[in-house]
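Visitor: Protein chains in written order, with the working numbering: chain A, 7 to 501; chain B, 14 to 644.
None of these hints come from the bench; they were simulated from the model. Watch out, some of these pointers could steer you wrong.
Said to hold, decoys possible - Derived DEER-like restraints, expressed as beta-carbon distance ranges:
1) A/Asp-348 / B/Lys-573: 31 to 41 Å
2) A/Asp-227 / B/Ala-513: 31 to 41 Å
3) B/Glu-471 / A/Thr-321: 39 to 49 Å
4) B/Arg-574 / A/Glu-88: 50 to 60 Å
5) B/Leu-582 / A/Thr-321: 31 to 41 Å
6) A/Tyr-413 / B/Arg-101: 30 to 40 Å
7) A/Glu-184 / B/Gly-44: 51 to 61 Å
8) A/Glu-184 / B/Arg-101: 42 to 52 Å
9) B/Met-98 / A/Glu-448: 24 to 34 Å
10) A/Asp-348 / B/Leu-551: 49 to 59 Å
11) A/Glu-184 / B/Thr-283: 53 to 63 Å
12) A/Lys-452 / B/Glu-238: 31 to 41 Å
13) A/Glu-184 / B/Lys-573: 24 to 34 Å
Glycine is no exception: its CB is placed at the ideal position from the N, C-alpha and C atoms.
The chain contents come next:
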Amino acid sequence: MRLPTTTIAAFATAPGRSGIAVLRLSGPAAANIADRVFTAGRLPAEDFCEAPAADRLSSLEGYRALYGYVHRPDRPDEPIDEAIALRFVAPRSYTGEDTVEFSVHGSAAVRQLLLESVVAAGAEVAGPGDFTRRAVLHGRKDLVQAEAIADLIDATVSRSARAALDQLSGRLSAVLAELRETLYESLAALHLAIEFPEHDEATPDTAHAYDTARQVGAGLDRLIRTHRQGRLLREGLAVVLSGAPNAGKSSLFNALVGEMRAIVTAHAGTTRDRVEVELDLDGLAIRLSDTAGLRPDAGEIESLGIEQTRRALETADLAFWLLDAAAPVYPGPQDLSSFPQDLTVWPILAQSDRLDKSRLDTAVQETAERWERLTGRPAAPDGTGLLLTSVPENRGLDRLRQRILVYFESLGGRETELSVVVTNVRHAAALREARAWLRRIEDMEKQKLSADRALPADVLVSWLQAAADELAAIDGQLVDEEILDSLFSRFCVGK
Amino acid sequence: MPAAFRETYDIVVVGAGHAGVEAALAAARLGRHVLCLSMNLDAIANLPCNPSIGGAAKGQLVREIDALGGAMAEIADQATLQFRMLNRSKGAAVLSPRAQIDRRLYQGLMKKRLEDEPGLVLRQDEVTRLLLDGRRVSGVETRLGAHYDAQAVILATGTYLAAKIIIGEHAHAAGPDNHFPANELALSLKACGIELQRFKTGTPPRIHARGVDFERLERQQADTEGVFSFLNEMAGRTQAPRLEDCWLAWTNEKTHAIIRENAWRSPLFTGLVEGTGPRYCPSIEDKIRRFPGRERHQIFLEPTGEGSAELYIQGMSTSLPLDVQQLMLNSVTGLEHAFVERHAYAIDYDCLAAGELDSSLAVRGIAGLWAAGQICGSSGYEEAAAQGLVAGLNAARWLDGKAPVIFERDEAYIGVLIDDLVTKTIDEPYRMMTARAEWRLLLRQDNADLRLTPRGRELGLVDDHRWALFSAKRERLETELARVRRERVRVDEHLTACLATVGTQVPAATITLAELLARPGIDYEFLEAFDGGRPPDLPDDVRREVEISLRYEGYIALEKRRIARFRHLEDRELPLGMPWGEISGLSHEARDKLARIRPRSVGQAGRIAGVSPADIQVLLVWLERAERSRV
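Could you build all of it, start to finish, from the sequences and the hints given here?
Guide: In structure tokens form, the structure reads like this:
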């Protein structure tokens with residue numbers, strides 16, 4: 007069996023959000039393909055001539071960069087964009103293979119053309135995770151690292167990147183090691199009692215084991231809770247703007263985005279498709295969706311949009327219901343049923359410029375009361391008032407941003423103190439599995455059984471070890487040897 | 014050179030310790046013509062260290078050996094001086110039988126057992142050379158110049174290979190109990206290309222009972238009932254034959270001071286000991302050094318035989334010089350006037366290096382060669398016997414052209430033992446412990462027969478007598494389990510009151526006996542008044558098995574979920590002749606270890622020290638690709 011023989015290409019940066027896009031080419035032919043689509047030097051001026059051999063990527067040393075431009079294969083006279091080419095020589099690259107990375111401007115057209123060009127020059131389009139798979143295959147990454155890197159690549163904004171980096175730098179491993187050590191301590195004492203029953207220190211200290219189960223269980227709970235925050239950091243907070251047609255959703259959406267993304271017209275029901283855009287709000291990723299107005303008597307095309315709205319609400323972390331200040335349309339029974347039970351939905355009194363200034367205070371008061379009566383949901387977070395916005399007057403937009411931010415941070419809660427976030431699904435699953443074993447022990451303890459009816463030491467030791475196994479599997483430790491080491495270093499046994 | 018004396022056998026077993034005797038018996042039971050050679054027939058099944066058999070995890074092994082028709086349990090039951098069931102309060106899965114053994118009696122009985130086995134020839138001679146025909150075993154040559162032709166040889170050399178006894182500044186070439194060492198065989202094995210490594214172990218002194226003031230020691234009494242063998246249990250013969258006492262004493266500050274002052278005379282410091290000693294069996298000087306904070310250490314005085322005054326001093330293993338041993342002993346309260354019969358010593362010896370064995374206990378690279386016992390890196394009589402049985406079984410099957418039998422980790426402690434010996438880089442003599450068995454709730458001593466006797470029967474190891482007893486027991490058990498699962502009792506005031514005494518209640522009008530028995534604190538005795546349909550003559554072992562199996566059912570169901578998760582990697586077999594050198598992406602260490610150990614499944618590969626989860630991912634990716642390219 008040989009190594010992968012193909013050379014793969016894909017953008018290593020996520021689409022549509024950065025000024026710079028990085029195309030990665032990895033595989034044995036990376037440099038040769040790169041040379042066909044890249045020429046060192048300025049964009050071709052009047053007198054174009056071929057770059058000297060030294061400036062060819064295939065003869066460049068690793069970790070060296072060239073400035074130049076990318077173009078159609080073998081057609082330096084058809085430039086696509088300026089580019090920096092960075093050369094990595096196997097095995098010193100991300101994948102462990104020969105690699106070239108082009109940094110180009112991030113526009114969709116440039117990306118498309120460049121990818122087409124490298125494919126025309128002999129590369130294959132990489133599937134999701136292909137680079138990381140090759141990195142693992144070449145022994146450049148272990149599993150935890152590989153998973154963290156996949157998160158890092160997906161990361162959209164700074165804080166997400168930090169979550170991924172934290173994992174790389176081993177914070178999760180360190181927290182896990184501490185929890186495991188607590189388990190081992192208990193296990194060592196139990197094992198001593200079982201393996202060396204006549205030893206003078208051999209009393210099966212089940213009380214200590216129960217304490218351990220509780221203590222480690224609480225630690226796992228904290229970690230598991232951070233998984234939600236981790237997901238938010240990675241994927242961003244999904245915020246949905248909903249409301250009746252023409253309530254002003256699209257203009258508010260556009261004002262927030264700062265550019266015209268959705269089509270805004272005065273005709274009710276213009277937004278038939280859900281429009282989603284990613285925003286950087288003070289370092290946090292927000293996925294903001296503008297949705298079609300929910301309208302019961304909608305035409306066929308609009309119902310499609312409405313169906314999408316329902317789906318958007320199902321996966322939303324936070325939703326706003328916009329009420330036109332001049333003609334507020336409150337959610338009907340059907341709309342209410344489309345709000346998931348645990349979804350936070352706050353009303354916004356939008357287009358407040360369409361209302362006489364003297365009537366605003368009363369309108370805010372009345373709207374909040376009516377909302378709460380009708381929906382049974384609060385109109386605003388505790389201690390704050392109903393949101394009032396006007397795009398033409400630039401009113402309330404900062405408050406809205408602030409409210410989203412505060413809500414986002416509240417989801418993490420105190421867990422930010424842990425300064426570690428579980429971003430990976432496999433890790434979260436393993437943590438939950440470990441937690442389940444410890445919970446079984448806690449449940450037994452809660453029944454307050456007498457010593458002869460409590461969980462026997464053999465079962466206790468098995469469940470604690472099952473929990474330790476799950477934690478160890480996250481970064482691949484051999485549990486039984488660690489427990490025995492712990493036993494022999496702690497207790498004096500022998501013939 | 015033509016040998017003057019030449020004979021032919023199917024299998025030659027080298028050594029008649031605990032591994033050798035079980036290997037010879039198993040192979041002979043399978044119809045093979047077996048020669049079992051021992052340097053000294055008075056050393057058969059010797060117990061040169063502690064005069065006891067069983068204990069945590071080891072007791073489970075003895076029960077498994079018995080369930081597969083092995084000899085150890087039956088002989089131990091006859092030679093028992095003191096029986097104790099350990100871990101009574103810690104759950105059925107770690108309940109561990111242990112017996113103090115009359116050494117001479119045990120050896121005599123085992124010798125007779127070998128002599129009575131048809132097809133088995135026992136002979137006194139030292140094997141000095143392993144004979145090969147290419148990379149195939151052809152026989153052995155002995156000290157007395159005999160030449161034995163055989164297609165299969167089982168090495169069960171214990172701690173005799175190039176053995177050296179060390180006491181303080183003194184060292185001499187000798188096997189345990191001052192028997193001859195096997196020096197030439199060690200050289201011959203090396204010449205055959207087998208890689209050996211050096212291990213060390215040690216034993217405490219034996220003293221004469223006359224010098225002991227028993228009044229000042231703590232007495233440890235025997236259980237009146239308890240046996241190892243299912244045969245005795247099924248026949249209702251559970252009375253222990255003798256009820257001798259053991260005694261507990263303690264070291265003190267004075268003892269520790271003597272050891273500290275003389276530590277520089279320990280061979281560990283002078284460099285006389287080359288081998289790696291076990292962590293779980295440190296010498297007393299090791300304990301003092303590693304745990305300086307402890308004011309005292311336990312010492313057990315154990316009888317070694319009926320009518321023998323010799324007492325084994327468990328806890329005082331040492332390799333310090335004779336004068337220090339004497340001072341140490343006399344510093345202990347109650348041992349002020351004690352005098353030594355046999356001095357403590359350390360012993361180092363050759364055993365197989367990691368990677369020389371495969372999962373069937375065959376030595377790699379030489380067809381027809383098998384190994385069992387301490388030569389495989391284990392420690393302990395029980396571990397040796399278990400391997401002996403498997404090596405004997407597999408050597409006989411190999412001659413028949415049958416596939417080897419490999420017990421899985423979730424089937425038997427024997428499986429855990431051999432898998433660990435084969436996959437782990439054993440850097441100290443390996444002792445069986447319950448902590449090593451992931452599936453300890455399944456691998457109980459009580460159900461060893463249910464787990465293994467049907468398999469043993471299939472393999473030809475279990476004779477008609479045992480099979481008949483076992484089949485009858487199993488039938489009674491199944492009938493009784495069906496009955497308690499079926500029969501319901503009315504939850505009346507009387508039962509409710511009784512249930513309250515064990516802190517439980519039943520919120521229904523009726524409940525099955527099985528559901529009641531599954532609850533902790535409730536057993537057959539408890540239910541006597543409510544269980545009218547009970548068969549009057551239900552044997553104790555069946556009752557106990559019903560109680561334990563019902564109580565552990567729920568725990569085992571949970572455990573099985575874990576087993577299933579582990580199984581999918583275990584079932585992913587690795588073909589023979591994996592091109593380990595060509596799989597890129599494996600770390601250097603992993604590649605070396607995998608190429609050496611040649612695991613038979615991805616699960617086994619994952620247990621090898623030095624093989625990381627990333628390596629396993631690479632392996633899985635490689636397998637995936639190999640499979641795809643085959644399609």
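Visitor: Next step is simple, just say for each hint if it's right about the structure.
Guide: Structure-based check of each hint:
1. The hinted window of 31 to 41 Å between A/Asp-348 and B/Lys-573 holds, with their beta carbons roughly 35 Å apart.
2. Taking 31 to 41 Å as the suggested C-beta distance range, the pair A/Asp-227 and B/Ala-513 conforms, at roughly 35 Å.
3. The hint said 39 to 49 Å for the Cβ distance between B/Glu-471 and A/Thr-321, and at roughly 57 Å that hint is violated.
4. Checking the proposed 50 to 60 Å range against B/Arg-574 and A/Glu-88 shows it holds: the Cβ atoms sit about 58 Å from each other.
5. Restraint check, B/Leu-582 to A/Thr-321: a C-beta distance of roughly 34 Å satisfies the suggested window 31 to 41 Å.
6. For A/Tyr-413 and B/Arg-101, the Cβ-Cβ distance of about 58 Å falls outside the hinted range of 30 to 40 Å, so the restraint is violated.
7. Between A/Glu-184 and B/Gly-44 the beta carbons are some 58 Å apart, a value that agrees with the proposed interval 51 to 61 Å.
8. For A/Glu-184 and B/Arg-101, the Cβ-Cβ distance of about 35 Å falls outside the hinted range of 42 to 52 Å, so the restraint is violated.
9. The hint said 24 to 34 Å for the Cβ distance between B/Met-98 and A/Glu-448, and at roughly 31 Å that hint holds.
10. Checked against the given bound of 49 to 59 Å, the beta carbons of A/Asp-348 and B/Leu-551, roughly 56 Å apart, stay inside it.
11. Against the hinted window of 53 to 63 Å, the Cβ-Cβ separation of A/Glu-184 and B/Thr-283 comes to about 42 Å, which falls outside the hint.
12. For the pair A/Lys-452 and B/Glu-238, the supplied restraint of 31 to 41 Å holds, since their beta-carbon distance comes to about 37 Å.
13. The hinted window of 24 to 34 Å between A/Glu-184 and B/Lys-573 holds, with their beta carbons roughly 31 Å apart.
In this structure, the hints that do not hold are numbers 3, 6, 8, 11, in rising order.
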